[in-house]
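Asks: Fit chain B to the supplied structure of chain A, relying on the hints for placement.
There are 2 protein chains.
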Amino acid sequence: MALLPDPEPSRRHFVVVSVDDHLIEPPDLFEGRMPAHLVDRAPRVVDTVDGSQAWLYEGNHHPNIGLNAVVGRPHDEWSMSPARFDEMRPGCWDIHARVADMDKAGVWASLCFPSLIAGFAGVAFSRSKDPELGLACVRAWNDWHGDVWAATYPERIIPLQITWINDPLVAATEVRRNAERGFKALSFPENPSNLGLPSVHTDHWDPLLAACEETGTVICLHTGSAAWTAAQSPGAPLELATTLFPINGCAAAADWLWAKIPLRFPRLNVALSEGGIGWVPMLLDRLDYVSTHSGSGMSGAWTGDLTPSEALQRNFWFCTIDDPTTLAVRHRIGVDHIMVEVDYPHADSTWPDTQELLAGRLAGIPTEEVELMTHLNAARLFRHPLPPPGWTSGGAAA
Amino acid sequence: MALLPDPEPSRRHFVVVSVDDHLIEPPDLFEGRMPAHLVDRAPRVVDTVDGSQAWLYEGNHHPNIGLNAVVGRPHDEWSMSPARFDEMRPGCWDIHARVADMDKAGVWASLCFPSLIAGFAGVAFSRSKDPELGLACVRAWNDWHGDVWAATYPERIIPLQITWINDPLVAATEVRRNAERGFKALSFPENPSNLGLPSVHTDHWDPLLAACEETGTVICLHTGSAAWTAAQSPGAPLELATTLFPINGCAAAADWLWAKIPLRFPRLNVALSEGGIGWVPMLLDRLDYVSTHSGSGMSGAWTGDLTPSEALQRNFWFCTIDDPTTLAVRHRIGVDHIMVEVDYPHADSTWPDTQELLAGRLAGIPTEEVELMTHLNAARLFRHPLPPPGWTSGGAAA
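Quick mapping for you: the protein sequence lines, in order, are chains A and B.
Residue 278 in the numbering used here sits at position 119 of the first sequence; the count goes up by one each step and never skips.
Residue 363 in the numbering used here sits at position 204 of the second sequence; the count goes up by one each step and never skips.
If you're looking for bench data, these hints aren't it; they were derived computationally from the structure.
Keep in mind the model is a prediction, meaning the values are calculated, not measured.
Be aware that a few hints might be false.
[Said to hold, decoys possible] Below 20 Å or equal to it, Euclidean Cα-Cα: the simulated SDA-like pairs (lysine to any residue) are:
hint	chain 1	residue 1	chain 2	residue 2
1	A	419	B	419
2	A	288	B	393
3	A	288	A	393
4	B	419	A	393
[What the hints assert, rightly or not] According to the in silico footprint, chain B covers these stretches of chain A (three or more CB under 8 Å from chain B):
hint	segment
5	171-178
6	290-301
7	317-331
8	337-350
9	472-486
Backbone N, C-alpha and C fix where the C-beta goes; we use that ideal spot for every residue, glycine too.
Here chain A stands alone, though its shape is the one from the complex (with noise of 0.2 Å):
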């Protein structure tokens, strides 16, 4: 296989700062980054007998999908099958070549999860059998990720963290220390019980969260985080499961505002990365029609001043990667609230076709709402620095 010739610059029509994009660990992310005594039982890549190549870590092998790296690969040859790196765009692993892609489709900064040896959230390491290691993992994935990935170019990547969920107090510590060098965001799985762990709906979270708030932090639920999809049908093509990842947003959003984290938490920030804004509008009349009819008060599960659909668009943010029908729909949701995605390297991603598709679906909006939703809102929720003026001027980039 081969992978296709490199894209024409696309034509500049929007800064974009994306919200939800993917990084694939890199082999050398571990080297350097282990205390001594763990580095012989750090992840590492080896080659497999299929010829294919996966991280090995305690006793696992686990290979990078390639539907997980599609960038750059031509379309047919898609599939579920583990990929090795010479397979994938080089934008997938190396700085370097991220932010060239990044130039390519006139993406100016872009918030990166981790692939699947660590999962999402990073849920895979604290699932470790040695709690001890696992824990160094996470760490040395975060020191990589604010030392590495988003300081080589410090304009052009949100530094994001992975948390430690076993335990709470572990995990707050690990937030103040990172906001301190500069990290804005923190991957959380979108439902903890769905991993064996306490549900929001309990106070077990409650220094974590705490954490979040006093350090600005965003809580970044990524759909798929915690192993949990709609689509619950055996024998369905792998077309229902990825038709359905917008229902992990909604689940998530509702279930995170039904805990009344928003009342506990007032300047909590709750991004819902994935899973586009088509949810939200019917979120919103649901929120209000069961607050004022279907069960009001009856729990007493609500207090407060704000009803829940206030809390929703105050708490929470949401992201677009092709939702024509509810951008017409946008002021329900709050313009000021939406983001935009590009989901390098997934299957879902727009790149490099970004700039397109988007002067496609924004077309006959409002400069000052466009503006908003490309990358003034993503900006402000991460305060990130803005691209100097004129970058999206005079096409493509040099």
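Replies: Here is chain B on its own, set in the frame of chain A:
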């Protein structure tokens, strides 16, 4: 406790055909409708030690839940507690009282689903320890529904049957028997695999689907009919599950669609009963993106002339209870596939304020579209007669 005073009849703005209401099975439902040797084992209503009432069937008690019979009860008495028949508004189980209540709210016709003794899709009887007894109960329920509930006021009730889900051949025979005596609809679990049965991604159900297509029997997938909810977290307030009702409709529609049922049974009509229309634009947009971009052709899951979203718009039917934002983008769904529901006597019900709520929600929409959504689409889908001219005029019913 006491029921509220009888409400004043509403001013009638619209002819309403409600495609999602419920009946509560009356205590005498099975009398005279069971084979002689099973009479003693038919479900029967008994007084329980806590002063409530419950159906006794195969040694288990099945109470009617208060939230499923809230109409006419003071809001502060709504609860999940069991309800006695004398605590319910008689319209719950008595067809004369029901039609009087429909008159009060300007509801011309109603499609009534079962309550807990049967399960929304009759699943409870199919799960009987003794299958002979269970099947006799399904047939008795259908006989009663046809002979009493629907036949007493044939222009006011759309006959709906429950399904023997243990054997698609038996179920198909029952569909044909019922079609001959005027049944127009069948309640089927939204996802049989959640009940341990073969999924819709097999050919197991084809005899039943073929019988429905052949007889023009609409398959109604009622939210919650397969014991699945997107509300997963332990300790969540009841409002979470109530808020997430719509997810069931979305997940079921996507599931039945990717099972290629519209391609294999092109004239089959599938109604998503309860759950609103808020998710339909999202699903259409998402289907278009997934089928042209993210996974197009990868699994070979889709063939034929229609796209998945076009098939959703052709074979599936939707109903709204309160989706103001989505009504603004109703043309994306197709105004000819949107219907309304009242959900009498459940906690979500708009009764007795159905007319007033609809008047607010439908304000500004052209009359011909309003007429499609309030009654013409439902009358066409379920082949049900329309009211005599002038039925809405002159304010409340005599």
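Asks: None of the hints should be skipped; say for each whether it holds.
Replies: So, going through the hints one by one against the coordinates:
1. A:419 to B:419: Not OK: residue 419 (chain A) and residue 419 (chain B) at ~41 Å, beyond 20 Å, violated.
2. A:288 to B:393: Between residue 288 (chain A) and residue 393 (chain B) the Cα gap is close to 26 Å, so the pair fails against 20 Å, i.e. violated.
3. A:288 to A:393: violated (30 Å)
4. B:419 to A:393: holds (14 Å)
5. 171-178: Violated - the segment 171-178 of chain A has 0 residues with a Cβ nearer than 8 Å to chain B, which falls short of three.
6. 290-301: violated (count 0)
7. 317-331: Contact hint for the segment 317-331 of chain A vs chain B: violated, 0 residues under 8 Å.
8. 337-350: Violated: only 1 residues of the segment 337-350 of chain A have a Cβ under 8 Å from chain B.
9. 472-486: Holds: 6 residues of the segment 472-486 of chain A have a Cβ under 8 Å from chain B.
The structure is inconsistent with the numbered hints 1, 2, 3, 5, 6, 7, 8, although it conforms to all the rest.
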